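Participant: Residues per chain, in single letters:
There are 4 protein chains.
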Amino acid sequence: MLEQLKEEVLKANKLLSSEHLAILTWGNVSGFDPEKGLVVIKGSGVEYNIMESQHLTVLDLGGNVVEGECNPSTDLDTHLEIYRNFKNVRGIVHTHSTYATVWAQMGRAIPCYGTTHADYFKGDIPCTRKITKEEIGRDYEKNTGKVIVETFCGLDPDVMRAVLVRCHGPFVWGNSALDALHNAVVLENVAKMAFLTDGRVPGQEPLVDDELLKKHYNRKFGADAYYGQSGETK
Amino acid sequence: MLEQLKEEVLKANKLLSSEHLAILTWGNVSGFDPEKGLVVIKGSGVEYNIMESQHLTVLDLGGNVVEGECNPSTDLDTHLEIYRNFKNVRGIVHTHSTYATVWAQMGRAIPCYGTTHADYFKGDIPCTRKITKEEIGRDYEKNTGKVIVETFCGLDPDVMRAVLVRCHGPFVWGNSALDALHNAVVLENVAKMAFLTDGRVPGQEPLVDDELLKKHYNRKFGADAYYGQSGETK
Amino acid sequence: MLEQLKEEVLKANKLLSSEHLAILTWGNVSGFDPEKGLVVIKGSGVEYNIMESQHLTVLDLGGNVVEGECNPSTDLDTHLEIYRNFKNVRGIVHTHSTYATVWAQMGRAIPCYGTTHADYFKGDIPCTRKITKEEIGRDYEKNTGKVIVETFCGLDPDVMRAVLVRCHGPFVWGNSALDALHNAVVLENVAKMAFLTDGRVPGQEPLVDDELLKKHYNRKFGADAYYGQSGETK
Amino acid sequence: MLEQLKEEVLKANKLLSSEHLAILTWGNVSGFDPEKGLVVIKGSGVEYNIMESQHLTVLDLGGNVVEGECNPSTDLDTHLEIYRNFKNVRGIVHTHSTYATVWAQMGRAIPCYGTTHADYFKGDIPCTRKITKEEIGRDYEKNTGKVIVETFCGLDPDVMRAVLVRCHGPFVWGNSALDALHNAVVLENVAKMAFLTDGRVPGQEPLVDDELLKKHYNRKFGADAYYGQSGETK
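Chains as they are written, first to last, in the UniProt record's numbering: chain A, 1 to 234; chain B, 1 to 234; chain C, 1 to 234; chain D, 1 to 234.
Just so you know, the hints here were simulated from the structure itself, not pulled from any lab data.
These figures come from a predicted structure and were not determined experimentally.
There may be inaccurate statements among the hints.
Which copy is meant is left open, so a pair is good if it fits within one copy or across any two.
[As the list claims (entries may be wrong)] Taking lysine-lysine and the DSBU-like style, the derived pairs with C-alpha atoms no more than 30 Å apart in a straight line are: (1) Lys220 to Lys142; (2) Lys14 to Lys36; (3) Lys214 to Lys142; (4) Lys87 to Lys14; (5) Lys130 to Lys6; (6) Lys220 to Lys133; (7) Lys36 to Lys142; (8) Lys130 to Lys220; (9) Lys133 to Lys214; (10) Lys14 to Lys215; (11) Lys6 to Lys220; (12) Lys192 to Lys215; (13) Lys14 to Lys192; (14) Lys142 to Lys192; (15) Lys146 to Lys6; (16) Lys133 to Lys6.
Excised from the complex, chain A in its bound form:
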């Protein structure tokens, strides 16, 4: 079942390694089929180069296993919380990619310092608040998801497709598992350039005005987008 989705999730997990977003087993990708209401996710602790379809687990949004022999990723409950709350998400990527993780470790949102950022993310990329001792003690991974959702109060997950979990690392989403992977590649590069820029701008102010931010975001993703070939929005 869900052969096409599994194939895509498998491919996206392997790309974590080849796109240098994750070493060892430091990342996981899931995909969601909204018609069946089912999630496909990487098995916990499986290395990317030996991963095959059998290392994927299929679950419903309540976390009940429908198919698969492997324990799902320990971050499963964070993925599920995102799917349950952000209605258009079809794929999620979690990594410990270097620069995105450094911003998470600094506990800071990534300011919009340039059009590379604005081309994909409509504003600062948020960082969650500190998780409490109580939230760690019980249902830690689910609570991580709840803190992400709380962070998006007033933010639209359809135009801001990434978040930094404080002291942990990024979660990134998209229209599909591969689209989420694409956005995770963008995030890491934007995070690196922002890290290098930060603290070195004369006057210390982010330089991208709101008009420039909107112009770049909208020429790729707005109603009158003109980036790319016809029929594409990216």
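Using the hints, position chains B, C and D against chain A.
Facilitator: Then chains B, C and D, alone, in the frame of chain A:
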């Protein structure tokens, strides 16, 4: 038509990826044939590894399509403005390469900190002023080109073959598309070394004197250049 | 003799190069067989790409050669001191990997800035005190081991499997030579992210609370670990 | 003539590229035969991947061409000045490798922050003084060599095999062209780790004491060296 130019522009676009100047679709190269008055440019949003000759568009300097099925790069009007104003330019490269983009995000010209810089760029590599709300609102890409041209008031584009567009990234040119690509590789490396040097020089002053700057530039590009083999200037 | 251990130690030494932990001959791996009481270690100054089984030396814990033509690594006596004192260690890796070495050169322990660190190291990764003139003058490598052991007064080498030798570089251990290698890969990545984070956290305080540290460490290595597939702890 | 030396110089030049010490044509290697009194050096502006034996030039120490069609490297006169003054040098490498060049651009000697440095360089790696307007105006490359020699007043080029030319980049030497190449690889890595350490040591003092410096240098290169296999000193 323009088969040789197309082949070179295609090759230069693919080199964006293999020379690590652009990931995804984050860069574009064009070439110009002065006799025919035509420009060849990359199609918008096409990935480098699948790009073929058919993904190139041929246009006149007024932006009228002469050949090709693809929408040209969204940055087309910036390229055209440069070709219209800088008479000896035969190729243009635009990228979001990491360190050149970081300088653009800092909104700063790249100071000449060493002979590696002086070997190719005769002085500080300029950064444009902030683009205004009005310039963003209408003909944004063309206005980006106009701001570049304005920046070169008093600067010779034949000896300073690169500019940083503030908050955006570099545009680099040359005698051909491949020469522009070569200069873009140099720019990124010079930008990285300048970034690492900047703020750490005792006394905070750039160290290259005007004599050393001219000596190095001229031994490669001056009237009595002696770098390379006979008949070459580079 | 010890064919299986030799094979693993050989593989781990070659991985030093392919995992970018050591260039030239800047690292060495050993393995320990507790039943026979013997150590297998890389020969001094042998390059990884030409290394074969014959370049390994077998010694007892007193440093007496049992088999092998090569002089053992100059760091042998440091390895032996660790095996003699940390009873569960079965493999040791020493490198000059860039960021771990930079922390050693700064003479600082690596603070726990994130869950990537907490997933593997239960607390700050310690740095040894300065070695004295007397300790350098006689039995330098053995004294390096003694200073490591002294650093672990009050620290459990079973949950803190790495140390930075001040002004020198990291020693990392594990359940086997390959496990030690795995931990050395983790250390270098954690060291890089901590280096980039350090000094840039608003308020300058490490952000990982003790609860989060324990949660992450224990979900991988604790009594009720649930990371990975059944039967694995990692 | 000098077929073996040419082969080695050719190999060392190609290694500049594969060891990531030079992009484009940003480096050159020469070798010296003391019996014949002849130098073999790279042709100016030749790219490494197309370089063959015919792109090498043979000259005497006065700079007279003995064999070869190519113009020698523009840095030839700096190489010759070094060979004329440092009697045991048999190979010289000049690069613009990133971190060594950044130290040259900062105009600073590289302090000895760790044993990686001490293993190869017995003390701080010096940086030349600023070259004067007069020295640039006439015989620039020869004067660059003279300033290097002046910098070694009181320094032994047999135990300090590298120098940073201020605002330019490193020159490194050794017992052969390949040994010089080896030392250039070491220099770049030591320069990177020192750059990252510098300014971040609590108290701001280099941490390596003289005893530790001598211990490490001498265990590799001293009279009683014990690093490596018998008959080797490295």
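Participant: Check the structure against each numbered hint from earlier and tell me which ones fail, lowest number first.
Facilitator: Of the numbered hints, 5 and 16 do not hold.
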